[in-house]
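Produce the entire structure from the sequences given, and follow the hints as far as they go.
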Amino acid sequence: MKRTLLTAAFSIALAFSAQATIKVVATLPDLASLAREIGGDKVEVSSMAKPTEDSHFVDARPSFVVQLRSADVLIDGGAELELGWLPPLLQNARNPKLEVGKPGRVQASQGVRLMNVPANATRAAGDVHALGNPHFVVDPIIAKTVALHIAQAFSAVDPPNAAAYDANYKKFEATINAKLQEWGAALLPFKGQSVVAYHDSWVYFAHRFGLNIDIFLEPKPGIPPSPSHLAEVIEKMKAQKIKAIIVEPFHDRKIAEKVASSTGAKVADFAQYPGALPDTDSYVKLIDALVSRLAAAMK
Amino acid sequence: MKKFVLVALACCAVATAASRAAEPATGSAPEGSTPASAADIEALRKQVQSLTTLVQTLQQQVKDQQTAMEKNNSAAPSLPESPETQSADVSTPPAPAPSAPPLFPTTDSSVVTSAPSVNANGTATGAFPTTDAAVTTTSTVSSSETGSSLTQPISLTGGGNKNYMNISFDSVFALAASSARDLYNVEVGDHDPQQRGFNARNAEISIDGAVDPYFEGFANIVLKLDNNNETEIELEEAFLQTTGLPFGLQLKGGQFFDAFGRINSTHPHTWEFADSPLVNGRLLGPDGLRGVGAQISWTIPVPWYSQVLFAVQNGRGGTGYSFRNPGDDGVFYGRMTIDREQSALRDFVYVPRWENSFNLSDTQTILVGVSGAFGSNDTGPHSDTQIYGGDLLYKWKSARAEGGFPFVKWQTEAMYRRFEAGLGLNDSFPVAETFDDWGMYSQLLWGFKKGWVVGVRGDYLHMEDSLFTDDLTRQTRSRISADLTWYPTEFSKLRLQYNHDSLEENEFLAARDVDSIFFQFEFILGAHGAHKF
Chain A
2 MKRTLLTAAF SIALAFSAQA TIKVVATLPD LASLAREIGG DKVEVSSMAK PTEDSHFVDA
62 RPSFVVQLRS ADVLIDGGAE LELGWLPPLL QNARNPKLEV GKPGRVQASQ GVRLMNVPAN
122 ATRAAGDVHA LGNPHFVVDP IIAKTVALHI AQAFSAVDPP NAAAYDANYK KFEATINAKL
182 QEWGAALLPF KGQSVVAYHD SWVYFAHRFG LNIDIFLEPK PGIPPSPSHL AEVIEKMKAQ
242 KIKAIIVEPF HDRKIAEKVA SSTGAKVADF AQYPGALPDT DSYVKLIDAL VSRLAAAMK
Chain B
411 MKKFVLVALA CCAVATAASR AAEPATGSAP EGSTPASAAD IEALRKQVQS LTTLVQTLQQ
471 QVKDQQTAME KNNSAAPSLP ESPETQSADV STPPAPAPSA PPLFPTTDSS VVTSAPSVNA
531 NGTATGAFPT TDAAVTTTST VSSSETGSSL TQPISLTGGG NKNYMNISFD SVFALAASSA
591 RDLYNVEVGD HDPQQRGFNA RNAEISIDGA VDPYFEGFAN IVLKLDNNNE TEIELEEAFL
651 QTTGLPFGLQ LKGGQFFDAF GRINSTHPHT WEFADSPLVN GRLLGPDGLR GVGAQISWTI
711 PVPWYSQVLF AVQNGRGGTG YSFRNPGDDG VFYGRMTIDR EQSALRDFVY VPRWENSFNL
771 SDTQTILVGV SGAFGSNDTG PHSDTQIYGG DLLYKWKSAR AEGGFPFVKW QTEAMYRRFE
831 AGLGLNDSFP VAETFDDWGM YSQLLWGFKK GWVVGVRGDY LHMEDSLFTD DLTRQTRSRI
891 SADLTWYPTE FSKLRLQYNH DSLEENEFLA ARDVDSIFFQ FEFILGAHGA HKF
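Chain order of the listed sequences is A and B. With positions in the first sequence counted from 1, the corresponding number in our numbering is that position plus 1. With positions in the second sequence counted from 1, the corresponding number in our numbering is that position plus 410.
Hints were generated in silico from the structure; no laboratory data involved. The beta carbon of each residue, even a glycine, is placed where N, CA and C say it ideally should be. Worth double-checking, as some hints may not be accurate.
[Claimed, not checked] Estimated spans, in silico, between C-beta atoms of each pair:
(1) 122(A) / 864(B): 30 to 38 Å
(2) 642(B) / 160(A): 53 to 61 Å
(3) 852(B) / 280(A): 41 to 49 Å
(4) 167(A) / 852(B): 51 to 59 Å
[Stated by the list, open to error] Cross-link-like lysine-lysine pairs, in silico, BS3-like; alpha carbons within 25 Å at most:
(5) 192(A) / 300(A)
(6) 662(B) / 98(A)
(7) 859(B) / 259(A)
(8) 259(A) / 242(A)
(9) 259(A) / 221(A)
(10) 255(A) / 860(B)
(11) 255(A) / 859(B)
(12) 43(A) / 98(A)
(13) 859(B) / 805(B)
(14) 859(B) / 221(A)
(15) 860(B) / 221(A)
(16) 259(A) / 860(B)
(17) 859(B) / 819(B)
(18) 98(A) / 942(B)
(19) 267(A) / 192(A)
(20) 43(A) / 172(A)
[Claimed, not checked] Covered stretches of chain B, as calculated for chain A (at least 3 residues, CB under 8 Å):
(21) 657-668
(22) 704-716
(23) 806-817
Below you can see the structure in the form of structure tokens.
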């Protein structure tokens, strides 16, 4: 009897302590990683998309509705990145805290100047993003801004811990600033050189480290590689002596390997999301991995 | 631009110097009497020297400007860089020593706008105001442009164009070949191919958006061509639903498809086959079960996904097929219908549903549901109809899915209907009967490659035999279908489908087998609505 009472008391205490942390849902693993950096042990973070899948085409699994229903904060990429799956989830979750404009909603694209904004939005150009390229978190400077927004949202939702969030942000900022020196130095020898990518999702990374990533295995965004287009790519790679092709986990690596073998280039496994590559469970580790993989491939 | 100005300046300076240098000589020569003194020559030489230095300085400036611009161009191909980045770039040595001071830029105002701040009270309408006139550019996204808000203007075409509603146009066509001359009797759905040759049975205009902070609205207007190419129009759906009710509640009102099973509430362009399953067309109706009414739904606060829905509708007319449906020319299942007015609560159709979903693993999800539809029908003053349904969806999607592929999806629905067929108008039919009808379909889809899906489907429909009711729609039958679909993008679709139908003999109809081939094609313009699970 006593034991049951104790257990009951314990579970009630647990329930209360669980309530003390704020529940954060991030649509994507990179945003979740930033939320963990900022929230520390004051928040409970879960993410929806898997790090290895194409983030535009995530299934609106009903379990996500359960996650969103009880969330205090939702962090999404914005800029139409999750347009194909987030709206019906929000509709079904019926959680007013997560509406755009409420403190519990962070749209990472806010305050980011998006690149590749098409002058004319036409689907004849393939899978274009009318608002600009939404894969911006791979730029560490932008990641700092996103982290700052997250810190502000956490402080607004959970004012008693505002100082902790602020301190965590400062720590994260210092880490990124220090790491940027390392990353910048590692990629400096390749400044101005070209890299081929399977899909056009690395414009921010290229911009940050002074690389040119403007040749793609896909003829148009979202359109599968065709033999004639690949022949053109191979020619360009030979002419420009391009040494690396970057592919993401959900791309057809075989195609990249074929192009690599006929040009002498190396295939570098890249990913936008922490957890998609071995030993990349945080944002900083992911960028570490990207930088070292690219530097190794371009040597 | 600057370069040209500088070059022009330099040219001017040279020209001036030359003319000035020449002036004294030309000025003094005609007079010829006094040769220039040594002091004069010395003064002139000094002047020329100082001018030469000036020209050299200007040249150097031009050169500097050029190199700076080149560097700048190579560093930022697509965006103008902020001044501080420029200077950082220019001053970066080719290979910094390990002990060098931090030189890699850690800020970049060309990619982020100045950090907006939260209002002091934290309850601002925009926790992160993004409209800062000083930094706003057309490429800066504001919260209302993402289209995922329920309360803000929704992007119509993106790129900063705002509108209060999303609009799209979706057309589905089918080219049909069949061994049956009466394809309209073999196919059971109103949006299915109805004749040999080309069919345009579903061109829909979809509109949705936030009505105000409390409601969102949705409308679906369908245009279709009959076999004589006459246009028919139907207000398929038009409803509003709440966005901010507490306790996980949601209310919906208007004309809408009932949440009965999986397929009934969806639109033809999302179907995995070119036609509707037999059981849906024959038990819920060729147009699906829909009508004017209201619905309440509640997501139950349990650790898994669990939702109950309950709808009340008029259930009158062809879209309330098994209920108060006057039938074709006032006849349904052989009886002259009474087409009665609403007179009691039992004349409504009540549609409850309970659905649950679980993740079997990180890549596998199942959704199971049970549904019902209860109301009266028009074949007699006291005739009732009850329909019960169960459905199951299993989906596997690769953890490395590209564009949603590869995946495997298995969907099954079963229905049972108890239909009390009365004596008809003024007891004009000889007998009252009760039909126990049931059926099911099961379909397996395999998205084996990005954009490609292959599927098989089995259908069975049992309609209770009757000695009295000769109706073409009351034939027990089965069907096997196979299809291959190619989605060039999510906005277009090409599909080839084969159907083999076996219609069984009954008291009035002979057995027959029908083979059909459909080639379906579809396009979507405008906003592409997100897919529900």
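Practice item. Kindly indicate which numbered hints from before are broken by the structure, ordering the numbers from low to high. Key: Nothing - there is no hint that the structure violates, so all of them hold.
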